[in-house]
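Residue numbers are given in full-length UniProt numbering: position 141 of the sequence shown equals residue 141, and the series is strictly consecutive.
It is possible that some hints are incorrect.
Claimed, not checked - Ranges of calculated distance between the beta carbons of each label pair, as one might list FRET restraints:
id, residue 1, residue 2, range
1, L245, N133, 40 to 46 Å
2, Q129, D11, 43 to 49 Å
3, A55, E137, 19 to 25 Å
4, G42, R68, 27 to 33 Å
5, V237, E77, 42 to 48 Å
6, S242, D99, 36 to 42 Å
To be verified - EDC-like cross-link-like pairs, simulated, lysine to aspartate or glutamate; straight-line CA separation at most 16 Å:
id, residue 1, residue 2
7, K30, D203
8, K131, D121
9, K244, E226
10, K30, D3
11, K244, E220
12, K114, D156
13, K30, E4
I should point out that these hints are in silico values taken from the structure, not numbers from a laboratory. Since the model is a prediction, treat every value here as computed from it, not as a measurement. Cβ coordinates follow ideal geometry from the N, Cα and C atoms, glycine included.
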Amino acid sequence: MSDEPILEICDLSVDVGGQPYVRDLSLRVKRGQFHGLLGPNGAGKTTLLRVLYRALRPQAGEVRLHGRAQSEYSPIEWSRHVGALVQGGGLLAGLTPADIVEIGLTMRDIPCEKRREATQDALQLVGLQDKANQDAESLSGGELQRCYFAQLLACDPEVYVLDEPTNHLDLHYQLRLLDEVRRRGRTAIVSFHDLGLAARYCDTVHLMQEGRLVAEGMPEDVLTREVLYKHYRVDGVLEGHSLKLEGPVLDGTSPLQAAE
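Let the hints inform the model, and build the full structure from the sequences given.
Okay, structure coming up:
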């Protein structure tokens, strides 16, 4: 595997509503690897991902894919390379899960019969084959998340951008769907709140705080007790893929000092 990045984020700054959400952030994403975005609420993870799937424009810096600036790609061309699973869905009225998956394939040059086949295969992967023609508005939150995941799997872009992809999913589907992305060997950029899942799947994690990148590396090197204390305000330690927690860190207390 080449060490050349498939995607580069260069000196990116993003404001939303006049407020800075991402500041001077740079990172390199390697082909075929899982990259995790970590950090507490408000760290800027979702804002960064929104730039990657072109829902936001940065105030400074750029994103490059295969060495070309994002601005050099048309929206349709970009979407063929970079696909996203985002928080919240679109309009569902009158749509079925099969419709939602097939809509994602309409911008691709795929014959109608192949689109139907890809739709069926994707719904099978996420366990919704028996609800393919059901009213999408009747789905549970977890089923709807799986439906949008099926749409992305059917499109199978080069780069998967996943914003908290395990929201609303039970444990079986959390593992099953992330395993499927891993099995395909695609590049993935994923925001995680579950640090155990991040440790299980990520080759590299990038820790954000107040819109800036503060640490990056292998999960076991980044998610130290000191980092958990400083950035997550918890007393804990990562052991393999499990996070062992003693409890929250309260103002005026320091479990690190107590352990010395």
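Going down the list of hints, with the structure as the test:
A hinted range of 40 to 46 Å for the beta carbons of L245 and N133 is consistent with their spacing of about 44 Å. Taking 43 to 49 Å as the suggested C-beta distance range, the pair Q129 and D11 conforms, at roughly 45 Å. Checked against the hint of 19 to 25 Å, the pair A55 and E137 passes, with Cβ atoms roughly 24 Å apart. Checked against the hint of 27 to 33 Å, the C-beta distance between G42 and R68 comes to roughly 32 Å, which is consistent with it.
Hint check: V237 to E77, Cβ distance near 45 Å, so the stated range 42 to 48 Å holds. The given range of 36 to 42 Å is respected by S242 and D99, whose C-beta atoms sit roughly 40 Å from each other. Distance restraint check for K30 and D203: the Cα-Cα separation of roughly 10 Å lies within the 16 Å cut-off, and the hinted pair is therefore satisfied. For the given pair, K131 sits about 13 Å from D121 by alpha-carbon distance, which is consistent with the 16 Å threshold.
For a cut-off of 16 Å, the pair hint linking K244 to E226 stands: about 14 Å separates their Cα positions. Pair hint K30 plus D3 holds up; C-alpha atoms about 7 Å apart against a cutoff of 16 Å. Distance hint between K244 and E220 is fulfilled; the C-alpha atoms sit about 13 Å from each other, no more than 16 Å. With a C-alpha separation of about 14 Å, the suggested pairing of K114 with D156 holds against the 16 Å cut-off.
For the given pair, K30 sits about 7 Å from E4 by alpha-carbon distance, which is consistent with the 16 Å threshold.
Checked against the numbered hints above, the structure violates none of them.
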